[in-house]
Amino acid sequence: MKTRFFAALVILLAVFITLPTYSALAVKPIVLGCPLSTAFLYGWDAERAITLAVEEINAAGGVNVAGKKRPFKVEVIDTRDLEPGVPVSEALLVVEKLILEKKADFILGGPVRSEAAMAAMDLLSKYKKVSMLTTGVLTPKYHARVAEEYDKFKYCFRITGEAVWMVTGEIIPCLLDIGKRFGVDRLFIMIQDVAHARAGGGIIAKVMAKKGWHVIGEPEIYPTGTTDFSMGLIKAKKESAQVILIWMDMPETSILLKQWYDMKVPALPFGSIIAAAEQPGFWKATEGKGEYCLANVVNAGNAPCNATPWTMKFFNAYKKRWNIEPEGYGTSTSYMGPYVFKDAIERAGSLKSDAVVKALEKIDMMGVYGRIRFDPKSHQVIPSVDPEEGAVGTIFQWQAGKRIVVFPKKIAMGEIQLPPWMK
Amino acid sequence: MDILIYGIINSFSLALIAIGFSLVYGISRLPNFAHGALYVITGFIVWSLLNFLKINYLLSIILSLIITGIIGAAIYQFILIRVRGMAVSEIIASYAIGLAMLEGFRWGGFKGMTYTLPVFIRGSIEISGIPIDFQRILLVLIGGLVVFFLWAFTHYNRIGLALRGIAQDERAAMMLGIDSDMMALVAMALGSILAGLAAVVLLPMGNIVVEAGYSVLILAIAVCIVGGLGSWVGAILAAFMIGFAQIITVKYIASHFHMVVAFLAIIITLILRPSGLFGRQKELEERV
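Quick note, the sequences are listed as chains S and G, same order.
So that you can map any letter, position 199 of the first sequence is 198 in numbering that gives the first Met the number 0, and since no number is skipped, the others follow by simple counting.
So that you can map any letter, position 85 of the second sequence is 84 in numbering that gives the first Met the number 0, and since no number is skipped, the others follow by simple counting.
Treat the hints as calculated values from the structure; they're not laboratory data.
Wrong hints could be hidden among the right ones.
What the hints assert, rightly or not - Some chain S residues judged to face chain G by a derived CB distance under 7 Å, without partners named:
1) 192
2) 216
3) 219
4) 224
5) 226
6) 229
7) 230
8) 233
9) 254
10) 275
11) 280
12) 349
13) 353
14) 384
As the list claims (entries may be wrong) - List of simulated lysine-lysine pairs, DSS-like, C-alpha gap at most 25 Å:
15) G:110 <-> S:318
16) G:250 <-> S:234
17) S:236 <-> G:53
18) G:250 <-> S:205
19) S:237 <-> G:53
20) G:250 <-> S:283
21) S:401 <-> G:110
22) S:283 <-> G:110
All C-beta atoms in this analysis are idealised placements derived from N, C-alpha and C, irrespective of residue type, glycine included.
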């Protein structure tokens, strides 16, 4: 009896002694803390894209950190910053929680709203946490602030497009192209009452006026949650607008387009940012009323095209994994986020912030939406209209139920068409 | 002309949104803060019946209104009845129910911009050069019918008369044998159906999103405060005042002040006449 008791005790002791050893041997994951507004487009699609990339990376063995393979682990917390009222303080709490409680090694994705992301910069600087914005946040002030106070904000990177390039490099050239092709030059601007839209709409109004277009009145600004655009559209019709530039990321933009169709406003709707029209389900949701609407999805890969060999590979993988095509402008960039971190960590051979910052500054890889490099001073991804040179954007048009890429020319899959009541 | 046409449309939209809230408060003195959630829930029920069960559109609407009415009655019978008479608890309880329903939908995956209902009739016409789609014309007609129905119901129907009796003087009505709790239950069901009716008329013009629940509640409260809490006539009048003020603001001042109008109306009303245009709550105190 005594012998049996002694043997059992020895076995138990052995188990207790070896357990911690095994857990110590288990590979510690690299935690990607993702502050995302998950109830909204630009949030949930980013979460899906990050998850997909992390699944692929982990299935291929993980990240090689100084010779040791470690998997990524995704921790997502809802920031709610895309809600009306923009609760910035809530987004900041989320970022801090990811750093302190979830022990995030890196911050990836958001905060999504420019106001919240700008406010989070100080927090990231305080904790010296490398962050990469992959969705939302179009304000040029973000990377300007990094350039101005490099030592303080060097941990902040943005891999997605920003408003200035979007406007000057993509939207305006596309508008001028439309003007030249169809002989139109009367622009009416409808924007949402948020920082990026006000800034973007204002810049477009000024630049297009300088380019010889007739910009009708001041941009019409609508508060988040507006459900009636009739007065604006009547004004556009009365003033003989030929292009309606829309910059809104609220779901109610589908109401705007339905009203546009019902009123048969003879002007081409051009969504600089138009959340509702970006989504693959938009056609069904508007019963086809959104046909001819142009939408900017900021980064290539969010609508089918052949920007790089990886573009359709990602597009199809996303569709297979989530049973839907890439949905918003931050999808392809959020997918690239983990890959970019993987590359930087492997070259740095460490998870230390300063080493990873240096590695990110030197990154040069061909991604889903073109060549990915960061400006070493501002940490903004370098844009281009040629995928061989930099990160390319995408403007598509809804045509017969499909999203047809029409700009930039290098990746276009079709030509812009006018609605029949404009001809 | 555009102000007149779209002012009327906007006013009827607000009236439809607010009338259910006003009715419930007028009869049972219950501020139903789940009103916006009931609006959204109806939209999702119709959508689900249409898309999952492939039921005829009209039948889906009728079924959804019945279901919403039952939900409203259940909310009163199982939860609100326990806190009736305790104003703060009523607000907290009904708001919590609404919050749970709305966030439950969000959690359940009902998020995004692709949940929509078809319009009743496609197409549009021009009135004096102002384009207007048939759905908005129907909105005005249905809004008018609802107002007429409510008037007729509360003047010529036994239950309607009982509801009016409770609304006018609960104690006197109870002495005449009218069951106050039963009438509150009926009011809650009817108020929920009206919230649902607003949803089936208004949602085809846009999309069904959880956030609409919050904005609808705010608008309903704004209209009811201006009109006088519990006064149906006041609510309709206030809907017209706010509706036209919003359209005039968009046309002559700036579109981004659209929402400010409703909040400004609340503030002005609370300063000048806290009981609203037709409210009787603090009438005596105001006179004093």
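Results for each hint:
1. 192: 5 Å, holds
2. 216: Violated, because the Cβ-Cβ distance from residue 216 of chain S to chain G comes to roughly 11 Å (cut-off 7 Å).
3. 219: 5 Å, holds
4. 224: 5 Å, holds
5. 226: Interface hint status for residue 226 of chain S: holds (6 Å vs cutoff 7 Å).
6. 229: Residue 229 of chain S check passes; min Cβ-Cβ to chain G is 5 Å, inside 7 Å.
7. 230: 5 Å, holds
8. 233: 5 Å, holds
9. 254: 4 Å, holds
10. 275: 4 Å, holds
11. 280: 3 Å, holds
12. 349: Violated, about 39 Å.
13. 353: 39 Å, violated
14. 384: 29 Å, violated
15. G:110 <-> S:318: Satisfied, since the Cα-Cα distance of roughly 18 Å is no more than 25 Å.
16. G:250 <-> S:234: Measuring from Cα to Cα gives roughly 9 Å; hence the hint holds.
17. S:236 <-> G:53: It is violated: about 38 Å lies between the C-alpha atoms, which goes past 25 Å.
18. G:250 <-> S:205: The hint holds at about 23 Å.
19. S:237 <-> G:53: Not OK: residue 237 of chain S and residue 53 of chain G at ~42 Å, beyond 25 Å, violated.
20. G:250 <-> S:283: Judged against 25 Å, a Cα distance of about 32 Å means the pair is violated.
21. S:401 <-> G:110: It holds: about 22 Å lies between the C-alpha atoms, which stays within 25 Å.
22. S:283 <-> G:110: The hint holds at about 16 Å.
Hints 2, 12, 13, 14, 17, 19 and 20 from the earlier list are contradicted by this structure; the remaining hints agree with it.
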